[in-house]
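Given the coordinates of chain B, assemble chain C onto it according to the supplied hints.
If you read the protein sequences in the order shown, they are chains B and C. Sequential numbering from 1 applies to the first sequence in the numbering used here. Sequential numbering from 1 applies to the second sequence in the numbering used here.
Simulated from the structure, these hints should not be mistaken for lab results. The reader is advised that the hints may include incorrect statements.
As the list claims (entries may be wrong) - Below, simulated DMTMM-like cross-link-like pairs (lysine to aspartate or glutamate); rule was C-alpha separation at most 20 Å, straight line:
(1) B:K380 / C:D72
(2) B:K592 / B:E622
(3) C:K73 / B:E338
One-letter residues, chain by chain:
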Amino acid sequence: MIIEERQSTHVYRQKRLFTKEELEARESLCVHEQPAYCNAACPLKLDTKALTAAIAAGDFNKALALYEKITPFPHILSAGCEAPCEGRCKLCSLGEGIAIRELEAAAVSYGESPRKRGLLRKKTKKAVIFGLDLFSLFLAGELAKKMYPVTVYCAESDQDSLIRAAVPNLPARVQETVAADLKKIDIQFEYSADPVASYTGAAKKYDLICASYEVAKALYPGLEIDEAVMVCREHNLITGKTEGVLGAAFGAKKAALSADRLAQKLDPSNTRGEEGSVETRLYTNLDGVEPSSRIPCDSRDNAIAEASRCIQCKCDECIKGCAYLQHYNKFPRILTREIYNNVSIIMGDHMMNKPINACSLCGQCSVLCPNGYDMAEICKLARENMVYTGKMSLAPHEFALMDMVFSNDEAFLCRPQPGFDNCKYVFFPGCQATAIAPATVRAAYLDLCSRLEGGVALMLGCCGAICDWAGRYEMYEDTVKFLDEKLESLGNPTVIAGCPTCKKQLSRHKTLGIWEVLENIGLPEKAKRTDKPIAIHDACGARGDSATQDSIRRIAESLGCVVEDTPYSGDKSPCCGYGGLTQFTNREVAKKMTDKCLERSELPYLSYCMACRDRFAREGRESMHLLELVYGTSADHCPDISAKRYNRLGLKNELLEKVWNEEVNAVELGFTLEYTPEAELMMDDRMILKTDVIRVLQNLRQTGEAILDEETGLTVTRARLGNVTFWVKFTETETGYLVHRAYSHRMTIQPR
Amino acid sequence: MATEKNYYTIDPEGKLTCMKCRVKLVKGKAKFMYLDNGFPVELPVCPKCGFVYVPEELALGKVLSVEKALEDK
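Extracted from the complex, chain B is given alone in its bound form:
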C-alpha cells in the first residue's frame, strides 16, 4: 500500500483553523503576559518586576531609568507614594512582601540619570498652569516631558517656597532633592503672580490651559470636572481634585494625556487606552518559595538583598514541565498565534510546520496550566487542517504511517481463542509491545487464555493512534472501521488493552487495561519479585486515568518494588518523546523529552507503555515494562526499526503455528543478504528497513540495472518504492549480497 503524497506546492486551498473569536478565547487562557500583581496595582504602571530585577542585579541606574519613565519627580513620588503595590505582593501570603517603595527610593538615591537627554523638538502648542499644588507641579513635569513649553503662574516668590507649598508633608531632605529634579525639567515659573487674576489676561496667549483645583474653583465656582480625563469641558480647562502623592501623580498623568488630545483638537476621552490600576489574571506558583522578612533598604547592599527576595512573579507552569515548549521557548499564546498564522499562509514558507509536528500531543500542558491551555489539541487540529488543505507534507510522518499499515496488514492477526467461536475478551497488546517485547506479549496472551473464562481472542495490530497523531483523519476513520469490523467478527468482546494509549483509543468499546485484569485474577506464579527501588513513569496515554495509574502502583508494590514518588508524576507526567510521532518528526525535541522524563529520578524506570520503556533504555537508563516483571520475560534491548518489524511478524507467525496450528510458509528470497555493521547503523539512522533493501535487490535481479563505481569498488542500484527512491551499495558474495551503504531521497529523477 502507498500513502498518497500531497499533490503540489502550487495548490492554494485554505481553511481557517479557528474563527477570530475562538482564537482569542483560546489565547486568553494563557496568562503568561498578564502583569505582575504589583505592576497591576500601580496606576502609573511602573514595571516593578524590572525595577526589582535591576536592583537585585546591582544596576541602580537602570532601576532609576525605569522609575523616571513613570514620573518627572522621582524624589517626591518615592518619598510619598502610598504604594498600593506592596499589599498585592505575592510574598505577603507567605511572609512579608517586598518593600517596593523603599526600593524605589533606593533607586532614586543610588542611581544616576543619564546625562544625555533625547533631542526632542519642543512642541508648538504652549501650555500654562495657574496656581501651584502637588497635582499642578506633577502636571507641569508631565507636560514638560511631552515637550510642551510650560509656564506656571504661582503666588510663591521663589523656588524654595514653591517646593514647600507643593510638598508640605514631605521631609525637608526630600524637599531639597526636588530642587534637583526641577533643574532637569524645563518649566518657566512666573513667581509672585496672582494665579486667579493672571488668568484673564494670560490664558489667551496659551493653547492648553491648566489650573490647580483651588484656582479652578476660584475662577469658576461650581465647575464640573470629568475626573476620568481631568478636564472641565465647559471651560476647556485642565484641572482636577486629587488626594495624596500617588493620586496627584496619577491625576497629572491623566491630565497630560488630555492635554495631548486637546492639542490635537480631539475629545479628551479619545483613544486613551487602559489607564490606572488593573486586575491581573496572573497565576504564580509559590511551591518551593520560603517565607521571608523585609530587609530595610538603608544601604545599597541591603536594597540589593531586599530586591533579591522578589520572586519575579510569572506563570510558566506549562513551560517548566514541557521539553517541547522549552525547545521553542514560546509560551502557548504566542505559539497558538504563530500556528494559526502558519495554517493561514496561502503562498510561501510555512515556518511553523516543524513546531506543529514536534508536539507530542501528550496533553501535559492542559493539566499543568491553571486555565487548562491545551497545545496538544491546537497542534493536532493544525495537522488535520493542513492535511485537509493539502499543505501537510507526508515526509515527516510517512515512516510511522507505513509502520501502522504494516501492523494492520502484514503483521495483523485476529483470531478467537481455539475452541471458541465468540470470545468474552480480546487481548490487544498494541503495536509497540509486539515490536519490542514479543516474548512478553506471548506470555501475557497464554496466561490470559489459561486463567480467564469465556475465551480470549487475540488481535495484533495498531489502535489507530499513529494516523490520529499524524492528523490523517481519513486514514483514521478507515482504521476505526477496520478494527470495529474485526471486533464485531469476534462477537464484540471486552478489549483487554496492553497499552494505555490503545485503551484510550479503543474506549468506544468496553475496554480494560491488562493491569486491571491482573489485579482481578491475581498475578501469575512466575511473576518476578524484586525489592528494587524504582521510579514509575506514567504514560501520557493514562493522563486523567487515575484508576490505571493507581493500579500500576499497586501491582508494582505487590511485586516488591519500592516506588519512589517523582515530580511530574501521575496526570502531570511528560511524554517520553514517542507520542504525537515526535520521535519521527523531530529527533532533537524527542530526545529532550526523554531527558526531561529521566531527569526526575536516578532510579531504574518502570513504565506501562512499551514506547516509553524503549526510549528510556536507548538513553542508557535501566528500564522495564510492568508486564516484563509480571511475566518474568525481557523485552528486546533497543531493537532497530527492522527488528521491530521482524518481531511483530515473527510473533504473529509463531502464535499462528503454536496456538492455532496454522502452517506459515516462509518466504524464500533466493539469495543471501548480509550487512556490514556500519550499514546496519546507517539504515536505522536513515529509517531504511531491511525489507526496503530486499525489494531494491529484487528489483536489481529483475532489471539488471546497477552502476559500478570503480573508485570504491561498490556496485549501486536503486528502486522507487512508494514515495521514496532507495539506493543500495553492495558487493556480491558467493550466495548473494553484502550491503555496505544505503540512502534514499523523495525526489524523482529522470533523464530529459
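Leaving out everything else, chain C in the frame of chain B:
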C-alpha cells in the same frame, strides 16, 4: 541561444560503469521532480539505458535540503 540553467552538475569522469549496458556513464541531462516542482541538473547518465545515478552526497545534501524547503511550501 541562452544557456540552459542547471541546478547541479556532476561529471562521472569515466569512473562509473552501467552494469546492464557495459558502458561508461557520461554527464547527461536529467531532471529532479518533487511536489510538482522541477529542477534540471546534469548527472552521470548511461548513454544507452538512461539510468541516472544520484550520488549519496547529493541525495543527503542538496536534494534533502531542497526537499525540506519544498515540504514547507
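Results for each hint:
1. B:K380 / C:D72: holds, 17 Å
2. B:K592 / B:E622: The hint holds at about 18 Å.
3. C:K73 / B:E338: holds, 16 Å
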